[in-house]
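Q: Put together the whole structure using the sequences plus the hints.
There are 6 protein chains.
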Amino acid sequence: MVLSALEKAEILVEALPYIKEFYGKKVVVKYGGAAMIDEELKARVMQDIVLMRYVGMNPIVVHGGGPEINQLLKRLEIETHFVNGMRYTDQATMEVVEMILGGKVNQQIVSGLNASGGHAVGLSGKDAGLITARPMNPDGHLGFVGEVEKIDPGVIDTLIEQEYIPVIAPLGMDEKGQAYNINADLVAAAVAVAVKADKLVLLTDVPGLLRDVHDEASRISQLKLDDIPRYVDEGVIAGGMIPKIRCCEQAVRGGVGRTHIVDGRVPHSILLEVFTRAGVGTMVVP
Amino acid sequence: MVLSALEKAEILVEALPYIKEFYGKKVVVKYGGAAMIDEELKARVMQDIVLMRYVGMNPIVVHGGGPEINQLLKRLEIETHFVNGMRYTDQATMEVVEMILGGKVNQQIVSGLNASGGHAVGLSGKDAGLITARPMNPDGHLGFVGEVEKIDPGVIDTLIEQEYIPVIAPLGMDEKGQAYNINADLVAAAVAVAVKADKLVLLTDVPGLLRDVHDEASRISQLKLDDIPRYVDEGVIAGGMIPKIRCCEQAVRGGVGRTHIVDGRVPHSILLEVFTRAGVGTMVVP
Amino acid sequence: MVLSALEKAEILVEALPYIKEFYGKKVVVKYGGAAMIDEELKARVMQDIVLMRYVGMNPIVVHGGGPEINQLLKRLEIETHFVNGMRYTDQATMEVVEMILGGKVNQQIVSGLNASGGHAVGLSGKDAGLITARPMNPDGHLGFVGEVEKIDPGVIDTLIEQEYIPVIAPLGMDEKGQAYNINADLVAAAVAVAVKADKLVLLTDVPGLLRDVHDEASRISQLKLDDIPRYVDEGVIAGGMIPKIRCCEQAVRGGVGRTHIVDGRVPHSILLEVFTRAGVGTMVVP
Amino acid sequence: MVLSALEKAEILVEALPYIKEFYGKKVVVKYGGAAMIDEELKARVMQDIVLMRYVGMNPIVVHGGGPEINQLLKRLEIETHFVNGMRYTDQATMEVVEMILGGKVNQQIVSGLNASGGHAVGLSGKDAGLITARPMNPDGHLGFVGEVEKIDPGVIDTLIEQEYIPVIAPLGMDEKGQAYNINADLVAAAVAVAVKADKLVLLTDVPGLLRDVHDEASRISQLKLDDIPRYVDEGVIAGGMIPKIRCCEQAVRGGVGRTHIVDGRVPHSILLEVFTRAGVGTMVVP
Amino acid sequence: MVLSALEKAEILVEALPYIKEFYGKKVVVKYGGAAMIDEELKARVMQDIVLMRYVGMNPIVVHGGGPEINQLLKRLEIETHFVNGMRYTDQATMEVVEMILGGKVNQQIVSGLNASGGHAVGLSGKDAGLITARPMNPDGHLGFVGEVEKIDPGVIDTLIEQEYIPVIAPLGMDEKGQAYNINADLVAAAVAVAVKADKLVLLTDVPGLLRDVHDEASRISQLKLDDIPRYVDEGVIAGGMIPKIRCCEQAVRGGVGRTHIVDGRVPHSILLEVFTRAGVGTMVVP
Amino acid sequence: MVLSALEKAEILVEALPYIKEFYGKKVVVKYGGAAMIDEELKARVMQDIVLMRYVGMNPIVVHGGGPEINQLLKRLEIETHFVNGMRYTDQATMEVVEMILGGKVNQQIVSGLNASGGHAVGLSGKDAGLITARPMNPDGHLGFVGEVEKIDPGVIDTLIEQEYIPVIAPLGMDEKGQAYNINADLVAAAVAVAVKADKLVLLTDVPGLLRDVHDEASRISQLKLDDIPRYVDEGVIAGGMIPKIRCCEQAVRGGVGRTHIVDGRVPHSILLEVFTRAGVGTMVVP
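Chains as they are written, first to last, in numbering that gives the first Met the number 0: chain H, 0 to 285; chain X, 0 to 285; chain R, 0 to 285; chain Y, 0 to 285; chain W, 0 to 285; chain V, 0 to 285.
Hints in this document: simulated from the structure, not taken from any laboratory.
Cβ atoms here follow ideal geometry from the backbone N, Cα and C, with glycine treated the same way.
Hints are supplied without guarantee of correctness; some may be wrong.
What the hints assert, rightly or not - Short, incomplete list of chain H residues facing chain V, as computed with Cβ under 7 Å:
{"hint": "1", "residue": "98"}
{"hint": "2", "residue": "101"}
{"hint": "3", "residue": "113"}
{"hint": "4", "residue": "154"}
{"hint": "5", "residue": "194"}
{"hint": "6", "residue": "230"}
A: Rendered as structure tokens:
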């Protein structure tokens with residue numbers, strides 16, 4: 000479709016009320032899933048985040064690892080086993096995780112944002128004591144799979160005050176300097192609480208929470224905390240949605256105004272979420 | 000035309016390079032002519048300016064008086080006469096000018112910007128010694144028609160640092176406190192130089208400088224200072240275009256990077272000028 | 000009387016304790032009445048306010064409209080009628096109010112202050128959303144006579160931090176951009192509360208609250224809030240004093256330390272109030 | 000003479016143009032002579048300096064030692080001898096100088112200023128490396144009589160930025176930590192240059208530079224640098240005036256706008272100098 | 000003992016955990032006793048305090064008068080008498096106190112710190128209203144022996160923010176400007192509370208609180224507030240230790256984290272206290 | 000050797016003059032070679048750098064890759080070939096370089112510094128456009144081996160202002176987002192010039208520049224730029240020393256005050272260089 004310059008100007012102007020609403024607000028974006036693999040989707044997420052910065056928001060990106068960790072583990076012939084559905088992370092695996100998350104994925108996102116006109120700075124949870132971690136399973140059955148013990152948001156604040164976009168790899172460090180691999184959704188929620196974010200957006204590969212998983216039209220666009228137990232009981236919240244919803248719940252209880260589960264397979268889904276009332280995905284509210 | 004949300008998002012993203020280019024820049028907009036009379040054009044100029052602010056520019060508005068001065072003079076039965084095509088401004092006329100410019104037009108623009116989501120603050124050249132004026136004709140043949148003697152941009156800087164949009168009525172004050180009516184184009188150019196603006200946009204009722212005044216396709220989209228004398232000789236720059244071009248010339252010589260004569264009758268012409276390479280009107284360059 | 004330079008120096012030095020006491024304090028002055036008409040009184044009020052600024056106070060001026068609104072209404076043959084003693088303000092009247100308050104009176108005060116060495120900046124309640132108004136009479140019987148719904152003191156704070164003197168015309172704007180004419184005393188009280196002023200001074204045309212309205216010696220120099228109902232019952236607080244006293248009461252309840260009703264017909268009455276213990280007029284205290 | 004409150008207000012207002020002129024300016028006052036001995040004069044100097052601060056100037060006081068050094072030397076039976084009219088300062092004498100200047104006189108001035116409502120802080124040239132000194136006579140014939148080698152105005156700037164009044168005892172320190180006694184006029188001039196003062200006022204016990212020393216009416220109210228040699232040749236500048244004039248000359252050459260030799264025996268002579276055009280004493284100009 | 004450069008580096012590095020612990024903390028040091036008389040000890044205290052500053056602490060020094068007051072009283076043949084073991088301080092004595100404390104001792108410490116590379120600034124309690132005093136004995140039996148009524152830490156804060164080291168002579172001033180001599184330990188405790196210090200160190204001439212005064216091995220290294228009454232009853236806290244312990248108690252109750260009574264006769268005892276866990280002297284804790 | 004606490008304190012104090020000299024200065028440390036492999040040396044470098052920060056310097060670390068790149072290339076069976084002694088870097092190799100430099104080595108150094116009490120933040124040249132790179136060999140014969148085209152030190156300045164320690168991986172990005180591997184010495188020199196560092200320290204595996212490579216006693220402790228060509232001609236500067244010396248030369252010409260080639264195999268060699276006059280290695284001076 001070919002639009003005249005005027006029609007384009009009209010559309011810019013339509014965004015004004017949304018721009019105004021989020022001006023100066025902090026938005027944590029958990030970036031992962033399909034939007035991290037498909038080159039075109041990737042490019043659009045980068046544009047969306049840079050645009051958010053230029054129209055006055057303070058986006059903070061937390062990313063997962065994508066399929067590349069498995070690929071490198073395989074190439075290096077490092078065997079892994081699973082405990083209750085979670086991968087046991089030994090030191091060799093941990094090194095691969097760090098190289099992929101910190102050295103490859105994080106820097107690719109930083110490059111992508113900067114190529115789109117942003118000023119992004121990569122961080123891991125090790126930088127400036129950003130994420131203090133502890134083993135998720137204290138018995139050591141999961142190795143270096145960690146959970147967030149404490150967030151020190153100092154370096155994030157320093158960066159966003161100067162209008163940089165922080166991009167955070169979900170790695171933590173305990174007090175002895177040992178690295179831990181942490182679920183990126185959990186990191187995003189904890190960071191959102193620690194920086195007092197106004198919004199948390201989880202990019203996923205589903206259209207949101209569906210009453211009937213086979214019917215996109217059954218999407219629950221708004222979910223109250225009080226209704227979560229019932230939906231769990233009914234099996235509506237199930238499988239991979241359980242941890243997503245738990246992250247949102249944790250963020251909402253921690254004071255984050257709005258949390259969203261958004262379909263990253265839809266191009267520009269972040270912008271759509273921010274700049275239209277329509278809403279995409281599922282919003283979890285108090 | 001109905002656009003999908005996605006198509007709209009694409010258009011927002013297209014604006015990114017322009018947003019980036021002008022981020023943090025000061026843009027002086029001379030607002031006048033048709034764009035100040037037609038309600039719909041008016042609304043769009045307000046949106047354009049507020050949008051400029053939200054995407055990181057620092058717009059500064061200078062406005063003229065429109066037809067309302069004449070209307071009030073007529074209602075009050077104040078007779079005026081003209082000297083060399085300029086209206087002789089006596090004290091009674093001056094009062095009307097001040098009431099219309101400072102009390103009505105300025106505040107209408109401020110209201111309009113604020114209703115569009117901006118934070119505008121009205122100023123006249125009297126505020127904080129912003130514009131020191133002297134009579135344009137020292138013999139007094141024009142009464143209180145003035146010209147700019149000095150700009151003290153302190154109050155403008157104070158306001159834009161806090162992200163307000165200054166809206167300036169083209170009134171000056173001499174050292175004895177006497178008010179003067181100054182041509183708004185001249186004020187815009189002088190303010191642009193004083194605040195070290197990156198861009199000056201004059202909204203006019205013409206499509207730009209035309210080689211052949213009957214042929215819009217003959218528009219000169221870029222005009223070099225060196226070519227001005229020739230165009231004047233040839234009669235291409237003539238009539239009302241002479242003072243417009245002179246203002247641009249003065250701004251360019253004073254260090255303003257880009258100056259534009261833009262057709263205010265085209266909706267969103269400011270945005271088009273800023274956000275497209277196409278360019279509208281005529282740009283005067285060094 | 001001719002004073003030696005030494006005698007003058009002594010008098011400057013006498014003011015030291017008062018200067019010290021008010022150093023850095025915010026003082027809202029409601030300027031109106033005779034002090035706004037008589038040229039000599041006017042000049043002195045300007046000097047007083049500028050002097051306050053130079054000795055370290057932060058004066059904020061709120062002004063009324065004086066007789067000029069009526070004069071212009073008459074010249075324009077706009078008929079007005081009264082409802083319960085208040086003028087019904089239709090759109091035509093409102094335009095005149097705006098032109099006089101914002102375009103003439105406000106700028107005259109700004110000019111006067113600047114000519115006395117100050118750096119004043121004119122504001123109306125429309126600027127930067129300073130005063131959000133609503134109709135005083137929700138039934139619309141009074142037209143666009145408004146009352147203060149909310150004060151956003153941001154632009155005042157921005158200006159006084161840079162040592163400017165804000166001069167405020169008592170106009171408000173509702174959320175649709177409609178202008179309202181508000182009683183200046185009410186605006187002064189609301190501004191004083193919003194900026195957390197230390198002092199509110201209402202310039203009036205009476206010597207203060209008199210027990211016996213025919214006997215200036217019966218002036219009540221200090222009035223406690225608790226005594227107001229009794230004085231109203233006794234008819235001591237009556238007529239035009241009722242709204243003045245109500246304004247003071249509102250300011251005191253809002254946290255303004257000291258509120259004063261001062262006789263603007265006495266030259267330099269503001270300075271006298273500030274720089275002498277004697278006190279002039281009536282001070283309303285908690 | 001009894002003045003009405005109004006007459007007093009008029010006098011305050013008369014000072015406005017002078018207050019405006021010196022607002023934010025730095026004024027170095029060399030305090031010494033009769034004004035340091037007579038209790039009443041003393042009190043007035045304190046008031047003058049505190050008033051200067053409250054009306055926006057930044058006064059910096061440098062003081063001499065007065066007769067108290069001699070008194071204590073005598074009581075302690077420390078013998079002194081003179082070399083070319085200057086007292087040889089050995090270690091025992093130096094200790095007395097330090098105790099009197101730093102422990103007694105400096106703190107008396109600080110107390111006096113604070114009792115008048117100021118916030119004064121005593122300094123010696125030793126504090127924070129303020130004055131680096133070297134022996135005036137490198138052969139050691141004068142002992143620890145020093146001259147200024149370097150001023151580090153950091154601590155003065157720190158204090159006046161917070162609106163304190165620095166009070167400086169004219170003691171310096173060489174790189175080994177040895178204290179030196181320096182002429183207070185020289186310190187005042189050097190400090191004035193180092194802090195880029197706008198004005199230097201030397202309080203003396205003479206009415207200024209007189210053509211005829213017996214005729215006060217012969218006072219030279221303004222002295223150009225170029226005329227100094229001639230006046231020295233003619234014997235107009237002679238005796239104690241030579242070093243005073245040299246200090247002023249040094250300050251003027253160092254960029255201090257105005258330097259004044261003022262009669263400290265006249266009450267409030269500092270205020271008179273600052274707040275009247277009449278001028279007292281002699282002003283040395285480029 | 001000759002150490003290799005490497006061995007020295009190792010020792011620097013050993014101090015890291017202590018440096019880290021106290022980084023940015025305020026430490027009030029009461030300087031007095033032997034450490035103020037012995038030249039070598041003196042030099043080391045200066046080094047210790049300057050080093051504290053360079054490794055990021057904010058030391059604040061309060062000093063006593065040492066034996067020099069008595070010497071000068073004797074030389075000047077000023078007779079003194081004692082009331083309950085405290086010297087009656089008349090005006091003549093007070094002057095000597097001020098000259099010694101403010102003019103000599105204070106400036107010697109400032110010189111010493113600056114010669115060691117610091118940027119020290121001498122203060123007395125008179126400067127900027129730092130210490131408001133009242134007579135210790137309201138009946139006047141002790142003359143101008145004072146106690147602390149109020150501390151205004153403004154000037155201390157101003158100085159340490161710019162990385163200066165404040166050095167405070169224990170003199171106060173009442174509201175009439177009368178000077179008072181105050182016990183330096185009491186001043187140190189009051190200053191520590193007022194600036195919210197993290198540590199108070201009292202340099203004394205004892206090894207700390209000893210259970211058996213003849214046995215240094217009986218030192219109580221940590222003393223709880225609750226145990227003080229018992230130790231007083233048992234005579235363990237007795238004589239000169241009573242006021243020292245009272246000062247610590249007062250500081251602890253005022254919120255100072257750690258207070259120490261340290262042996263100033265041990266070289267570098269301040270550094271040892273700060274940079275070793277061993278601890279020297281007695282620490283009083285809540 | 001066992002030292003008493005006192006002896007240790009003495010050593011701390013000995014460092015004072017050096018601490019003072021470098022207070023507030025920026026020092027770029029190129030970290031590589033043996034000091035990056037040997038665990039004990041590593042720990043000491045971490046301590047040295049953290050200590051530098053705590054005593055007021057602003058260290059900035061640039062690191063190389065060590066042997067780990069080769070190890071991973073080998074494990075992944077990526078074949079590489081060499082061009083003129085430099086490894087051709089194709090995309091697969093580049094990915095390994097990025098994972099090792101950015102994901103492993105950089106984060107190990109960050110962890111090490113933080114475990115020693117520092118607040119380090121890892122950066123690569125991609126972050127915030129820190130290093131713009133171009134191919135070293137424009138013909139592409141070296142693949143993605145790059146050289147520095149431009150340094151944007153903004154993010155470094157932001158971090159050191161908040162007392163963080165930046166740790167920089169020597170990766171650059173061209174305008175299309177392509178990553179380049181750059182020699183770490185070159186990056187260190189370019190960063191030192193860009194941040195206007197006072198000192199550049201290159202940690203190497205040699206004792207400095209030796210006249211006779213077999214005789215450590217022939218070390219040239221100071222090398223003038225003018226002497227470089229001669230030493231190159233004589234073969235004294237040869238092999239791996241050539242690029243090191245070139246880096247120092249480039250930094251010195253760029254305004255870095257002091258540049259040092261230091262033996263990283265000596266424990267605490269950085270501290271020794273900074274805190275002793277003895278000097279270790281070779282200093283290159285203008």
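Q: None of the hints should be skipped; say for each whether it holds.
A: Checked hints:
1. Hint status for residue 98 (chain H) relative to chain V: holds, with the closest Cβ pair at about 4 Å, below 7 Å.
2. A hinted interface residue such as residue 101 (chain H) counts as satisfied when its beta carbon comes closer than 7 Å to some beta carbon of chain V; here the least separation is about 4 Å, so the hint holds.
3. Interface restraint check for residue 113 (chain H): the shortest CB-CB distance to chain V comes to about 6 Å, inside 7 Å, so the restraint holds.
4. Of the supplied interface hints, the one on residue 154 (chain H) holds, with its beta-carbon coming within about 6 Å of a beta-carbon of chain V, less than 7 Å.
5. Hint status for residue 194 (chain H) relative to chain V: violated, with the closest Cβ pair at about 16 Å, above 7 Å.
6. With a least beta-carbon distance of about 39 Å to chain V, the hint placing residue 230 (chain H) at the interface is violated under the 7 Å criterion.
The structure does not agree with the numbered hints 5, 6 stated previously, though it agrees with the rest.
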